[in-house]
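Could you put the whole structure together from the sequences, leaning on the hints where they help?
There are 2 protein chains.
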Amino acid sequence: MTETRALSRSGLDPDTAARFTHSAVTHQDLSGFREWWAERLATDHFAVDRIPFAELDKWHFDATTGNLEHETGKFFTVEGLRVSADGESSWTQPILHQPEIAILGLLAKEFDGVLHFLMQAKMEPGNCNIRQLSPTVQATPSNYNRVHNGGATRYLEYFKGADRGQVLVDVLQSEQGVWFLAKRNRNMVVRVTGDVPEHPDFRWVSLNQVRQLFREDNMVNMDARTVVSCMPLAAPRSDRPWSPFLDALLKSYEDDLALHSQDEVNSWFTESKAECEWFRRTIPLAEVSGWTRAADEIVDDLHEEFRIVGVNVEAGNREIAKWKQPLLMPCRERTAIMLVRPIAGVLHMLVQATPQAGLRDLVEVGPTVQLPESEHTEKRFADIAMTTDGSKVHFDTVLSEEGGRFYRAQTRYRVVEVGEEFPVEVPENYCWVTVRQLTDLVRHEHYVNIEARTLLGCVHSLW
Amino acid sequence: MTETRALSRSGLDPDTAARFTHSAVTHQDLSGFREWWAERLATDHFAVDRIPFAELDKWHFDATTGNLEHETGKFFTVEGLRVSADGESSWTQPILHQPEIAILGLLAKEFDGVLHFLMQAKMEPGNCNIRQLSPTVQATPSNYNRVHNGGATRYLEYFKGADRGQVLVDVLQSEQGVWFLAKRNRNMVVRVTGDVPEHPDFRWVSLNQVRQLFREDNMVNMDARTVVSCMPLAAPRSDRPWSPFLDALLKSYEDDLALHSQDEVNSWFTESKAECEWFRRTIPLAEVSGWTRAADEIVDDLHEEFRIVGVNVEAGNREIAKWKQPLLMPCRERTAIMLVRPIAGVLHMLVQATPQAGLRDLVEVGPTVQLPESEHTEKRFADIAMTTDGSKVHFDTVLSEEGGRFYRAQTRYRVVEVGEEFPVEVPENYCWVTVRQLTDLVRHEHYVNIEARTLLGCVHSLW
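If you read the protein sequences in the order shown, they are chains G and U.
Here my numbering is used: the first residue of the first sequence is 102, the next is one more, and so on.
Here my numbering is used: the first residue of the second sequence is 102, the next is one more, and so on.
Because the hints were derived from the structure by calculation, they are not lab data.
Careful: at least some of the hints might be erroneous.
Which copy? The list can't say, so a pair holds if one copy fits it or any two copies do.
Claimed, not checked - Calculated cross-link-like contacts (lysine-lysine; reagent style DSSO-like; alpha-carbon spacing at most 27 Å):
id, residue 1, residue 2
1, 261, 374
2, 374, 175
3, 210, 159
4, 175, 352
5, 374, 352
6, 493, 374
7, 352, 159
8, 425, 493
9, 352, 261
10, 480, 423
Bear in mind that the values here come from a model prediction, so they are computed numbers and not experimental data.
Structure below.
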């Protein structure tokens, strides 16, 4: 770097947004991808079996706290959390504590002028379907520093160190605030221009193809979804037949058309955080009440929340072929819904300032409705959000949460349009925002929760 | 709000920046202010005396944890913290825990087209000089909900509730990360147009006057400084004689002249957070080692860090006339220095990604040098920063930290210019940023620590 170098603009780089957008709008079919995907599935050797905790040989319950820990102290622990909400209700629960920050990295490269991303057909023990489409790198320091004595993490060198490529996206983001304590990962997109060796489990996929794949059940994994949601897209054009909905959607990507200014949105969110009267404290797992630890599970006494279970994994293409670990297994499928509505011809999303006990700041911007746990949700919104009127349901797909920590955790993601009969005035914990505004918020940590980020990706798939 | 309302731009409101800038550049003398200030000092009745903990009648040490607490559980507690830094050093220390979010609010109104701010000559028990210039409202929920049965908080209604004015600034910001655990306050500027009753302790002050007052020892209090630092200023003009330094400084406010793009700055900061290997856990105060509790103080055995002491306060113009409370009393004056340097004709500030044990995310953007505690500081930078060459020292003033929690806590703030002999290439925990870029970061929580925010305000005072 020298002083004669041209000084660069300080705002969002328009070149970066243009590159992503070009990759998103350039139609590419999926036939080659399908062929590769089928080949990958054919090679699979993968078995996951539940086992009692006593057989999790490198994991143990601490004699004093009862916390479930790995012998190295790494990976994650299962601890207890005491939560007091609004001075009215309080509860205790187990929670996953993983202070390490993983890299979720997508390697990007242009082919024929179109940005492609090196994506992985990755096995995770919690996946309901063995493989899902994942980022190039998805690894904690415990993984890539080889605490488990496994193989090296492929392509890590493109994301760490001085010789990495051009960083297009680099932001910490939270993960599931109902299950993780203060968890966050580093979402990265790095662009390279040189040759990249291709491992058979990896394939270059354009953003247009990713958008198509978003609509398939349990295809694009959580880690890929959050990185995609962090990509800034400029106002796109679409080749699809024009409709009023599509017109309103595309306008939602423009930077000067919103019901509220970004300052107003930020002030709404600041107020939501300042007024939140939730408090939490970690406690020993042994002090969590209303939950019972048996030989092979820890579960709440109503069997409504989740189980902590142990699994034995045998895999053919991971860094290590056999391992045992705990996983969190939800008792129920969850649902996350974004209500959307054209306001003055511009599609707006109705987001909620959502408290979740594990979030670092307790509150982030979430979808309109998150079921079952969002007690602050307006019931009338939840009723509308579950409509079966197909003409209003623009997206309705079951997607998986992170298979490295969660066992068959599935969420139904829905984008549901409401019309002019739906009020523009909403309760104070809600706010209407455009795609562009939510995109501005995901440039920073602590704003948008993982469910809302996934739904932002779902909205990207609608044009 | 109706759908026919014009949709507003989503970026930084240029009108808001223009209003602040106009108030900053319009010269106004301080003679009227001086008269009012002298009158205020003449009315003072204020006595602060140190007392033993046993006489802090509404405060007690918890029998189990040893934590120092108020009988209501409100205000704040003194707890213990265990910190492990970079896997190398670890320590325990007392820390102030105050989960409540206070409002630091400046009421703004235009007089003759120039925005003025209603500021208060406010007594705080820890102030070395009794009164300092403070925001309109500076109050925690414990204060304004009258936990202490005191009087109502003046002007609070302009900051809370549906009838408040136009919100110009509204952002949560951290406070001293070496003394507070995860503390933050809500920094607000609210503009009104109607009549505002004036209490004699309050006076309308323009931003130009605030900038002049910044250069006086212990005049503008911490709470006012942080709110001022959150005000966006557009590229100002100055009536002062032209100099190369001034020219470079004013260019630093423009939005397209920076060594690094804002994306690069954000990526640098993300990496700093991701690589930070500090961990902390709250512990009972009784378990803090290396500190001794006597009848009238808790202090580290080397007498280098700080004391927790008790004081008896008698005041004539606060919500309540007499009270007793603990305060944190630093053993030493601290120093915070920003090195600045023109790069390609544009002034840049050399900021450091600074870990502090009490910060929510452990790392925020801090000054080049913070003494004594910043062990990550380059010694060569600290040596340069303490230069006595007057031609290079653009700002050198002793300012007080929050007098409601800290007893005579003073920090020497310095802005020191370095020349072309100082390298543009800096270690990876440092980054050169412009005024405009730091201003963009303070629009969000979790980025810029209180010392760097104060120094941003100091830089504002240089033209």
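Hint by hint, which ones does the structure fall short of?
-> Violated hints (numbers, rising): 3, 4, 5, 6, 7, 8, 9 and 10; every other hint is consistent with the structure.
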